[in-house]
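**Student:** Spelled out from the first residue to the last, the chains are:
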Amino acid sequence: DVKVTQSSRYLVKRTGEKVFLECVQDMDHENMFWYRQDPGLGLRLIYFSYDVKMKEKGDIPEGYSVSREKKERFSLILESASTNQTSMYLCASTGLAGMYGTDTQYFGPGTRLTVL
Amino acid sequence: KQEVTQIPAALSVPEGENLVLNCSFTDSAIYNLQWFRQDPGKGLTSLLLIQSSQREQTSGRLNASLDKSSGRSTLYIAASQPGDSATYLCAVRGDYMDSNYQLIWGAGTKLIIKP
Numbered sequence: 114d115v116k117v118t119q120s121s122r123y124l125v126k127r128t129g130e131k132v133f134l135e136c137v138q139d140m141d142h143e144n145m146f147w148y149r150q151d152p153g154l155g156l157r158l159i160y161f162s163y164d165v166k167m168k169e170k171g172d173i174p175e176g177y178s179v180s181r182e183k184k185e186r187f188s189l190i191l192e193s194a195s196t197n198q199t200s201m202y203l204c205a206s207t208g209l210a211g212m213y214g215t216d217t218q219y220f221g222p223g224t225r226l227t228v229l
Numbered sequence: 258k259q260e261v262t263q264i265p266a267a268l269s270v271p272e273g274e275n276l277v278l279n280c281s282f283t284d285s286a287i288y289n290l291q292w293f294r295q296d297p298g299k300g301l302t303s304l305l306l307i308q309s310s311q312r313e314q315t316s317g318r319l320n321a322s323l324d325k326s327s328g329r330s331t332l333y334i335a336a337s338q339p340g341d342s343a344t345y346l347c348a349v350r351g352d353y354m355d356s357n358y359q360l361i362w363g364a365g366t367k368l369i370i371k372p
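Residue numbers (our numbering), protein chains in the order written: chain A, 114 to 229; chain B, 258 to 372.
These are calculated hints, taken from the structure and not from any lab test.
Treat the hints with care, since some could be wrong.
[What the hints assert, rightly or not] Using 25 Å as the maximum straight-line C-alpha spacing, the simulated DMTMM-like pairs for lysine to aspartate or glutamate come out as follows:
| id | chain 1 | residue 1 | chain 2 | residue 2 |
| --- | --- | --- | --- | --- |
| 1 | B | 258 | A | 175 |
| 2 | B | 258 | A | 216 |
| 3 | A | 170 | B | 341 |
| 4 | B | 299 | A | 185 |
| 5 | A | 116 | B | 341 |
| 6 | B | 258 | A | 151 |
| 7 | A | 116 | A | 141 |
| 8 | B | 367 | A | 185 |
| 9 | A | 168 | A | 135 |
| 10 | B | 299 | A | 143 |
| 11 | B | 258 | A | 169 |
| 12 | A | 183 | A | 135 |
| 13 | A | 183 | A | 143 |
| 14 | A | 170 | B | 284 |
| 15 | B | 299 | A | 141 |
Can you make the complete structure from the sequences, with help from the hints?
**Tutor:** Here it is in structure tokens:
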């Protein structure tokens, strides 16, 4: 079974802090994604990566950056956290089959971030 | 721009009923459509993936249909159980060269099955 893990389930930070969210997958997947989920808005893609050291902006990259130094790990960074970044953050991964549309994205359990 | 809508936003039915969840999309040029389940405070689990060339997919008590021309998909749940209570999301992947692997998501239908 594919396993996607995220470093924290719940996180509380203060405005202006630098925040790191980590995601690790154990299936040698090429592609990894960071989403945020807010009530009534569904999932919105922040960044994705299709290879080590490669990244692409999603729909809402402002205020975020990412890092992918190893294939299994994809980090989301909030350089200076703000209250409007309070949200549920979901990481996902998919392999080549997913790239060609025959497999799904596999999700981690999510990190609920509160910025005070 | 592709938009995905799920109506209703919430649904409550008694245990044992058969039910249908709806998903509509504005651009019929899709690569595939997926249905996911999300339990409260947790990540998403894929239920069914329908390729654009397919009309339906089945898994146990779940059946998902796809009508590309009308921009609609339905998720049919037979003999509902309290354990089916969750939020159900649909997502489409665009049939564009520059869509990469992006999925466009509906906001979900929150389903409550009453014992």
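**Student:** Would you mind marking each hint as holding or not holding in the structure?
**Tutor:** Okay, the hints, checked on the actual structure:
{"no.": "1", "hint": "B/258 / A/175", "in the structure": "holds (20 Å)"}
{"no.": "2", "hint": "B/258 / A/216", "in the structure": "holds (24 Å)"}
{"no.": "3", "hint": "A/170 / B/341", "in the structure": "violated (35 Å)"}
{"no.": "4", "hint": "B/299 / A/185", "in the structure": "holds (21 Å)"}
{"no.": "5", "hint": "A/116 / B/341", "in the structure": "holds (22 Å)"}
{"no.": "6", "hint": "B/258 / A/151", "in the structure": "holds (21 Å)"}
{"no.": "7", "hint": "A/116 / A/141", "in the structure": "holds (10 Å)"}
{"no.": "8", "hint": "B/367 / A/185", "in the structure": "violated (32 Å)"}
{"no.": "9", "hint": "A/168 / A/135", "in the structure": "holds (15 Å)"}
{"no.": "10", "hint": "B/299 / A/143", "in the structure": "holds (23 Å)"}
{"no.": "11", "hint": "B/258 / A/169", "in the structure": "holds (19 Å)"}
{"no.": "12", "hint": "A/183 / A/135", "in the structure": "holds (12 Å)"}
{"no.": "13", "hint": "A/183 / A/143", "in the structure": "holds (10 Å)"}
{"no.": "14", "hint": "A/170 / B/284", "in the structure": "holds (22 Å)"}
{"no.": "15", "hint": "B/299 / A/141", "in the structure": "holds (23 Å)"}
Hint compliance for this structure: hints 3 and 8 are not met, and every other hint is.
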